[in-house]
Structures are given as structure tokens and as C-alpha cells.
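Colleague: Sequence:
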Amino acid sequence: MLRTSIGPKSTAQQLPQFTAREAVEQAVPFPFRRPIIGRTMAAIAITLCLLFPSISPGQTPDRKQSDPNQAEREPDVDYIPTPYDVVERMLELAGVGKDDVVYDLGCGDGRIVVAAARKYGCRAVGFDIDPKRVDESRKNVAKNQLQQLVKIEQQDLFKADLSPASVVVLYLSTKLNTRLLPQIEKLKSGSRIVSHQFGIRGVKPDKVVQFTSRDDGRKHTLYLWTAPLTKRD
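Note that this note's numbering numbers the sequence shown so that position 184 is 184, with each residue one more than the last.
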């Protein structure tokens, strides 16, 4: 919008006041007015289109939708699939039953939550920070037609509420297991925690199992804790 500064009224004859269009028409000889006006208005229209891209009625400009549960950082550990026979031993060690709710923190391709739901008919939730792993897990759940029992969440593990779980499964690292302690300590009494390969610093396991996997021929160690946890002396 054009703004002009106007001083105090003068005793001299007042200049006539024109609109912007009238000013252009007064300055341009009559035969040439319309073409120039047309070009002027077209130029203004083009400028407005460039400044304000066309938006259909009811539309709003595209914007990145943020998912409050969606993680915004890189995974803490590299993804290494747990051999299937180790998955079976982990669920057996936890004593999983139909009434349990199994949480897998760092669910990868979803094999543990799928195995728990298929074998025991329990509910299970897998958490992962990596959208690629989340997509892979959801496809695995759909392939096995377990959508009614299994849910996959893309979420930062350290912001997840673990209190609904009766079984928590881990394959992370000793450092990350220990970092999860404040959340693990909120589990209801009798809840079981099973970790593949890594302990929890300062917490005594109820049981430690070592065996050689038939699938990869390697030695594996499983740790079991039951809430409330027993701290080491």
C-alpha cells in the first residue's frame, strides 16, 4: 500500500485527489490508457501470484506434520536380528502366558512380538526409533494377521510408558539397559525383564542362562529379572 505524508492545509488551491487508477489515466493520453492499464494490472497479478501461491478454498499450505510419538534422533544401537531359537528361549525364560502383555524395546523386524502373539496368544507391543524397522515390523504383523494382538510404535524408548507391560524384552547394551532403570522400576510387581546378552549395571539378575544357538552356532547369554528389582550390594 502506498502511503503519502501530507502537511498542514495551505491557502493555495488544493490539488485534486485521484485514486491510483485515475492517476495513471490522467498521466497517459486516452488512446493508450487501456493497454497500459491492462499491462499494469497483469504485472500486479503476476507479482501477487508469485508472493502468494494459489491455494484452493478450504486448503492450507503444506506443512510437515509432527507426530508427538515419533522419534527425532538416530537409533542408539545397530540393528542385529535375534536368532529365532534365541527368541523362543527368551519367551520361555520370561514364562510368557496368554494373559501377559509383552513389550519389546527395539523391536527390529518385529519377530519377538510376532512370536509371542502366535505361540501364546498374548498381546504385544514393539517399540523402535527407526522408521524403516517400524515399517518392517508392521508388515510382519500384517503378514501373520496379528493386528488384533500386536501393535508397533515408532517412539523413543526412553519416553515410553512401560507400566502396562508384564514382560519387557531387551537386546540393547548394558549402558542402555541401565539407562532404562527409572522406567523399569515402575513396572508392577511380578513383571519380568529378559535381556539378550547384556545385564543391568548394579542390578542382580534372578537367573542367567547360556547356550549355543542352533541358528547361528554362537553362544548366547540371557538375563532374567523380576520386579521389584534386587540391587547389588
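Mixed in with the good hints, there may be bad ones.
Mimicking EDC-like on lysine to aspartate or glutamate, the simulated pairs with C-alpha atoms at most 20 Å apart in a straight line are [stated by the list, open to error]:
| # | residue 1 | residue 2 |
| --- | --- | --- |
| 1 | Lys207 | Asp85 |
| 2 | Lys159 | Glu74 |
| 3 | Lys119 | Asp99 |
| 4 | Lys186 | Asp215 |
| 5 | Lys219 | Asp85 |
| 6 | Lys143 | Asp156 |
| 7 | Lys151 | Asp135 |
| 8 | Lys151 | Glu136 |
| 9 | Lys132 | Glu74 |
| 10 | Lys175 | Glu74 |
| 11 | Lys151 | Asp109 |
| 12 | Lys186 | Asp156 |
| 13 | Lys219 | Glu88 |
| 14 | Lys231 | Asp156 |
| 15 | Lys143 | Asp109 |
| 16 | Lys151 | Asp99 |
| 17 | Lys132 | Asp99 |
| 18 | Lys159 | Asp76 |
| 19 | Lys219 | Glu92 |
| 20 | Lys207 | Glu88 |
| 21 | Lys159 | Asp206 |
| 22 | Lys175 | Asp156 |
Computed spacing ranges between beta-carbons, pair by pair [what the hints assert, rightly or not]:
| # | residue 1 | residue 2 | range |
| --- | --- | --- | --- |
| 23 | Gln145 | Glu185 | 14 to 24 Å |
| 24 | Lys98 | Lys143 | 33 to 43 Å |
| 25 | Thr174 | Asp216 | 17 to 27 Å |
Note that these hints are calculated values from the structure, not bench results.
Only a predicted model underlies this, so the values are computations on that prediction, with no experimental measurement involved.
Glycine residues also receive a C-beta, built at the ideal position from the N, C-alpha and C atoms.
Colleague: Please go over all the hints and tell whether each is borne out by the structure.
Modeller: Going down the list of hints, with the structure as the test:
1. Lys207 with Asp85: Distance ~19 Å between Lys207 and Asp85 Cα, so the pair holds.
2. Lys159 with Glu74: holds (15 Å)
3. Lys119 with Asp99: Satisfied, since the Cα-Cα distance of roughly 13 Å is no more than 20 Å.
4. Lys186 with Asp215: violated (35 Å)
5. Lys219 with Asp85: holds (12 Å)
6. Lys143 with Asp156: violated (25 Å)
7. Lys151 with Asp135: holds (12 Å)
8. Lys151 with Glu136: holds (13 Å)
9. Lys132 with Glu74: Holds, because 12 Å separates the two Cα atoms, which is no more than 20 Å.
10. Lys175 with Glu74: Holds, because 16 Å separates the two Cα atoms, which is no more than 20 Å.
11. Lys151 with Asp109: holds (13 Å)
12. Lys186 with Asp156: holds (17 Å)
13. Lys219 with Glu88: Holds. Lys219 to Glu88 sits at ~15 Å (cutoff 20 Å).
14. Lys231 with Asp156: violated (26 Å)
15. Lys143 with Asp109: The hint holds at about 12 Å.
16. Lys151 with Asp99: holds (16 Å)
17. Lys132 with Asp99: violated (30 Å)
18. Lys159 with Asp76: holds (14 Å)
19. Lys219 with Glu92: Distance of about 18 Å is within 20 Å: holds.
20. Lys207 with Glu88: Since the Cα atoms of Lys207 and Glu88 sit roughly 16 Å apart, the hinted pair holds (cutoff 20 Å).
21. Lys159 with Asp206: Cα-Cα ~26 Å, so violated.
22. Lys175 with Asp156: Holds, at roughly 16 Å.
23. Gln145 with Glu185: 14 to 24 Å: 36 Å Cβ-Cβ, so the 14 to 24 Å window is violated.
24. Lys98 with Lys143: 33 to 43 Å: Distance hint for Lys98, Lys143 is violated at roughly 22 Å.
25. Thr174 with Asp216: 17 to 27 Å: Since the Cβ atoms of Thr174 and Asp216 sit about 21 Å apart, the hinted range of 17 to 27 Å holds.
When held up to the earlier numbered hints, the structure conflicts with 4, 6, 14, 17, 21, 23 and 24 and fits the remainder.
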